[in-house]
Amino acid sequence: MAIVVKLDDLLHAKRMTLTDLSERIGITLANLSILKTGKAKAMRFSTLEAICTELECQPGDLLAFETDR
Amino acid sequence: MPTTNPTLFRATHGLLWLMLTLVVAAALIVAGVAIALVVAWPDVMAEIRTMPEFVDVATIRFPLGILMLLLIAVLGVAAYILRQLQALVTSASRDPFIVDNAARLRRIGWSLVTIQVLALPVHWTAANIARAGSEFSQMGGLSIGSLLSILLAFVLAAVFEQGAAMRGELEGTV
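Read top to bottom, the protein sequences are chains A and B.
The opening residue of the first sequence carries number 1 in our numbering; numbering runs sequentially from there.
The opening residue of the second sequence carries number 1 in our numbering; numbering runs sequentially from there.
Misleading hints may appear alongside valid ones.
[Stated by the list, open to error] Going by beta-carbon spacing under 8 Å, a handful of chain A positions derived as facing chain B:
no., residue
1, 31
2, 34
3, 35
4, 40
5, 41
6, 42
7, 43
8, 44
9, 67
[As the list claims (entries may be wrong)] In silico EDC-like pairs for lysine to aspartate or glutamate, Cα to Cα no more than 16 Å straight-line:
no., chain 1, residue 1, chain 2, residue 2
10, A, 41, B, 135
11, A, 41, B, 171
12, A, 6, A, 66
13, A, 14, A, 56
14, A, 6, A, 61
15, A, 14, A, 66
16, A, 39, B, 171
17, A, 39, B, 161
18, A, 36, A, 61
19, A, 39, A, 8
20, A, 14, A, 54
21, A, 36, A, 9
Note that these hints are calculated values from the structure, not bench results.
Treat the numbers as computed from the prediction; the structure is a model and nothing was measured.
Glycine included, each C-beta is placed from N, C-alpha and C at the ideal position.
From just these sequences and the hints, can you work out the full model?
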């Protein structure tokens with residue numbers, strides 16, 4: 001997959017669990033888990049905004065593009 | 001995803017079952033008449049002589065038989081449409097925008113086309129054996145309502161197909 005979600009790294013840096021984040025931003029644990037494991041097909045701006053607000057990061061910190069080489 | 005209240009769904013289901021029962025009953029009556037034409041023609045002819053709407057009682061056995069067969073076919077297709085509608089209503093109580101429902105609506109559209117095609121020989125046959133102006137002679141034929149229903153079924157099928165595609169895109173969106 002070309003787009004990589006670095007949610008795990010950000011959570012680790014903030015010493016936060018996925019459950020904590022889920023409770024704070026009001027997105028289900030199941031959906032955050034889909035996002036974290038790279039199974040999500042798309043992401044809403046509202047989700048991105050909520051995560052960036054809570055983890056005090058930029059979208060570029062959460063998402064990265066990797067070429068398949 | 002429930003889209004409307006359960007009472008409405010139950011009422012729709014009940015209505016569809018009622019209509020299906022009526023269609024089956026009508027098909028059985030028509031089949032009974034068709035069998036009577038074969039096995040008890042003298043009695044049927046005596047009965048038909050008392051009806052003023054028929055032109056020539058002596059020659060109507062064959063066209064009347066054809067008419068009964070056509071009507072059985074129409075009722076069979078109507079029953080098929082009602083079964084498709086039952087499946088559609090059942091799925092609508094969960095998630096209506098699925099590819100299966102688009103296919104069901106398209107099948108309903110083609111079934112309506114079939115009924116309309118069958119209605120033409122029905123009208124032609126009825127008009128030939130009954131007196132002009134009688135209710136019997138006006139049976140079948142083209143109807144604006146039926147043509148609009150066909151159009152509506154195909155348009156709805158396209159809408160459901162698009163809806164199912166959009167639902168597919170939404171899946172996996174966080």
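To see whether the hints hold, each was checked on the structure:
1. Of the supplied interface hints, the one on residue 31/A holds, with its beta-carbon coming within about 5 Å of a beta-carbon of chain B, less than 8 Å.
2. Interface hint at residue 34/A: satisfied, since its Cβ lies 6 Å from the closest Cβ of chain B, which is below the 8 Å cut-off.
3. A least Cβ separation of about 5 Å between residue 35/A and chain B falls short of the 8 Å threshold, and the interface hint therefore holds.
4. With a least beta-carbon distance of about 5 Å to chain B, the hint placing residue 40/A at the interface is held under the 8 Å criterion.
5. For residue 41/A, the interface hint holds, the least distance from its beta-carbon to any beta-carbon of chain B being 3 Å, beneath 8 Å.
6. Taking 8 Å as the C-beta cut-off, the interface hint given for residue 42/A holds, the closest approach to chain B being about 4 Å.
7. Annotation: interface hint on residue 43/A holds; nearest CB of chain B at approximately 6 Å, less than 8 Å.
8. Below 8 Å, beta-carbon pairs count as interface contacts, and residue 44/A has one with chain B at about 6 Å; its hint therefore holds.
9. A distance limit of 8 Å between C-beta atoms decides the matter here; for residue 67/A the minimum to chain B is near 22 Å, and the interface restraint is violated.
10. For the hint linking residue 41/A to residue 135/B, the alpha-carbon distance of about 61 Å lies beyond 16 Å, and the restraint is violated.
11. Using a Cα cut-off of 16 Å, the hinted pair residue 41/A and residue 171/B holds, with the two alpha carbons roughly 8 Å apart.
12. Distance hint between residue 6/A and residue 66/A is fulfilled; the C-alpha atoms sit about 12 Å from each other, no more than 16 Å.
13. As the CA atoms of residue 14/A and residue 56/A are separated by approximately 9 Å, the hinted pair is consistent with the 16 Å bound.
14. For the suggested pair residue 6/A and residue 61/A, the alpha carbons sit about 7 Å apart, so the restraint of at most 16 Å is met.
15. In summary, the hint linking residue 14/A to residue 66/A is not supported, as the alpha carbons are separated by about 24 Å, beyond the 16 Å threshold.
16. Restraint check: the Cα-Cα separation between residue 39/A and residue 171/B comes to about 11 Å, which is no more than 16 Å; the hinted pair holds.
17. For the hint linking residue 39/A to residue 161/B, the alpha-carbon distance of about 25 Å lies beyond 16 Å, and the restraint is violated.
18. Simply put, residue 36/A and residue 61/A have alpha-carbon atoms about 14 Å apart, close enough for the 16 Å limit, and the pair holds.
19. In summary, the hint linking residue 39/A to residue 8/A is supported, as the alpha carbons are separated by about 14 Å, within the 16 Å threshold.
20. A hinted pair counts as satisfied when its Cα atoms are at most 16 Å apart, and residue 14/A with residue 54/A qualifies at roughly 10 Å.
21. Simply put, residue 36/A and residue 9/A have alpha-carbon atoms about 10 Å apart, close enough for the 16 Å limit, and the pair holds.
Of the numbered hints stated above, those contradicted by the structure are hints 9, 10, 15 and 17, listed in ascending order.
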